[in-house]
Amino acid sequence: MPYSKMKLAVGIFVVILFIAIAMSLYLLLKEKGTFEKRYSYHFTTESASSFNIGMPLKISGFNIGVIDDISLNDDGTVYMTFSVSKNNKKWLREESVLILKKPLIGSAHIELYSAIGNEPLQAGKTLNIVLSDDINDMISKLEPAVNKMINIINSIDSITSYMDRDDSELMITLKNIEKFTSNLANNKSLLTTITGDKNSTLSLINALNETAKIMKDISKTTSSLDTKIIDPSSSAIKELDAIMRDVKHKLEALDATVKAVGSYDTEILDIKEQISAGLQKSNQIIDKVDALMQDEKKSEVTLP
Amino acid sequence: MKKIIICFSLSLLFIGCSFKTPPNQWQYNSANAFEAYKKDFLSSNDSLAKNDYSRAVKHAKVSSDLRTLARIYLGECSLNISVGQEDECKKFKDIQDVVNDPFLNAYYSFITFQLKKEQIPLLPQVYQDFVWHVENLEYKEANEDILKMDEVTSQLLAASLLKENIHNELRDKMIELASFHGYKKAVIFWLGEVKNNTLDNKKREEISKKISILNTKG
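Protein chains in written order, with my numbering: chain P, 1 to 304; chain C, 1 to 218.
So here's chain P without its partners, still in its complex pose (with noise of 0.2 Å):
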């Protein structure tokens, strides 16, 4: 081939490389949307945290614009503006509200809550966003809860203090209680009243007293039974509690040697079976080294 052809050749060769890359690249870029025309809008906020460029708008879980630009405002606060791209200018209707979403996981977005019905917004306009943060709400939602389980808690305690107080309505009532059951014990008229006759009110008025002096007795018995028995009692009690607990430990600690022993002795059997393997080699290699070292063969065994 002469050399000025392959120059041409050469030269259309890049430049058909070039086109198809220049091609590609503006093909790409279309496909992002990079050529379309956007529409701003704008949102008002008391301050930036959670915010930034780039940060995204969805609805439904689908990015249709980002946040373009922040700027403060001489009253302090932020001015948001953000662009949505011609396909997704038809979600921006009239009382449209845009809410920061900040999730417990993943990261802080803005999403749109669209009126649909209602008229398209014109591009410019400025929306309402609000804050919702999951972890104040939670905390804010938890908050009046709390407070009211603290007033519980509050009124079960001043209720039971309240209670325990020797002029309190219950401690009365027992004391009446009390009263009237000692009157009854003593007045004889009104026991009589009951009975309908005196030797019946005198028997049972006795019968009170001999069981108030068996109470007595039984208690003296029951405080020696205290001393004598039921203490040792209680203590040999809890003494044998402790050997049998101490008993079960070591029933567990030998139960898990028992089953450890158990799986050595597999294992020594194992070992054994081993070593016998071994020796039965060795034994081989010590009847070759027999034979090898006898000065005369033999079939016999020869007597002494």
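Everything labelled a hint here was simulated from the structure, so no lab data went into it. Where is the CB? At the ideal position from N, CA and C, for every residue including glycine. Careful, some of the hints might be misleading.
Selected chain C positions facing chain P (in silico; Cβ < 10 Å) [stated by the list, open to error]:
no.	residue
1	A31
2	A36
3	K38
4	P121
5	Q125
Taking lysine-lysine pairs in the DSS-like style, the calculated list, with each CA pair at most 25 Å apart, reads [said to hold, decoys possible]:
no.	chain 1	residue 1	chain 2	residue 2
6	C	K61	P	K281
7	C	K116	P	K298
8	C	K58	P	K298
9	P	K281	C	K50
Once you have looked at the hints, place chain C on chain P.
Just chain C now, with coordinates in the frame of chain P:
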């Protein structure tokens, strides 16, 4: 050097290939193990002797022909007797009726002092003259017969069987013979025999010391 190694390896290979294992290899193995047992037993290498003996028995127990096993049992018994240990050959007696070999029965009778005249021709040739001389109470000749025997183990056995009628020179000869071969058990036995049959106290003390030294480990 390389050539030598190659030639040596090839020679080993050819030698290895030239050996053909006989079908009755067990008999050879048993006989070889018993030969080793005899030496190790007499040399007081008890652990090795035990191993040799068990190998010999193991190899002998692969066949229904129990003559090899019977010979091993008799050999063990006669070795014990040859070093002065009492042995009634119980193992042999247990299988004697099964084996029923007249030669082995004659040998058994010989080592247990139950030999009958008609059994004498059935004994190994090496003991024939010896037994006839003992039978005829010709102990001097019997002593000489012992010295004429080729095998040391045969000499030791015959001497121990005749120990009551052996003269002192032969006892010393037995010690010398056993010592030369390193048969410790036989040495100790014959030292004891010499000690029991001498009136020389000095010699007795000397022998006691020797026995003590031989019996001491380390």
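Outcome of the hint check:
Evaluation of the C:A31 hint against chain P yields a held restraint, the C-beta minimum of about 5 Å falling below 10 Å. Residue-level restraint check for C:A36 holds (minimum Cβ-Cβ distance to chain P is 5 Å; threshold 10 Å). About 7 Å separates the beta-carbon of C:K38 from the nearest beta-carbon of chain P, less than 10 Å, and the hint is met. At its closest, the beta carbon of C:P121 sits 16 Å from a beta carbon of chain P; the interface hint therefore is violated under the 10 Å criterion.
Because the beta carbon of C:Q125 sits about 12 Å from the nearest beta carbon in chain P, more than 10 Å, this interface hint is broken. Between C:K61 and P:K281 the CA atoms are separated by roughly 18 Å; this keeps the pair inside 25 Å, and the hint holds. Between C:K116 and P:K298 the alpha-carbon distance is near 30 Å, which puts this suggested pair outside the 25 Å criterion. Only pairs whose Cα atoms come within 25 Å are accepted, and C:K58 paired with P:K298 is accepted, the gap being roughly 17 Å.
For the given pair, P:K281 sits about 17 Å from C:K50 by alpha-carbon distance, which is consistent with the 25 Å threshold.
In the structure shown, a violation is registered for the earlier hints numbered 4, 5, 7, in ascending order.
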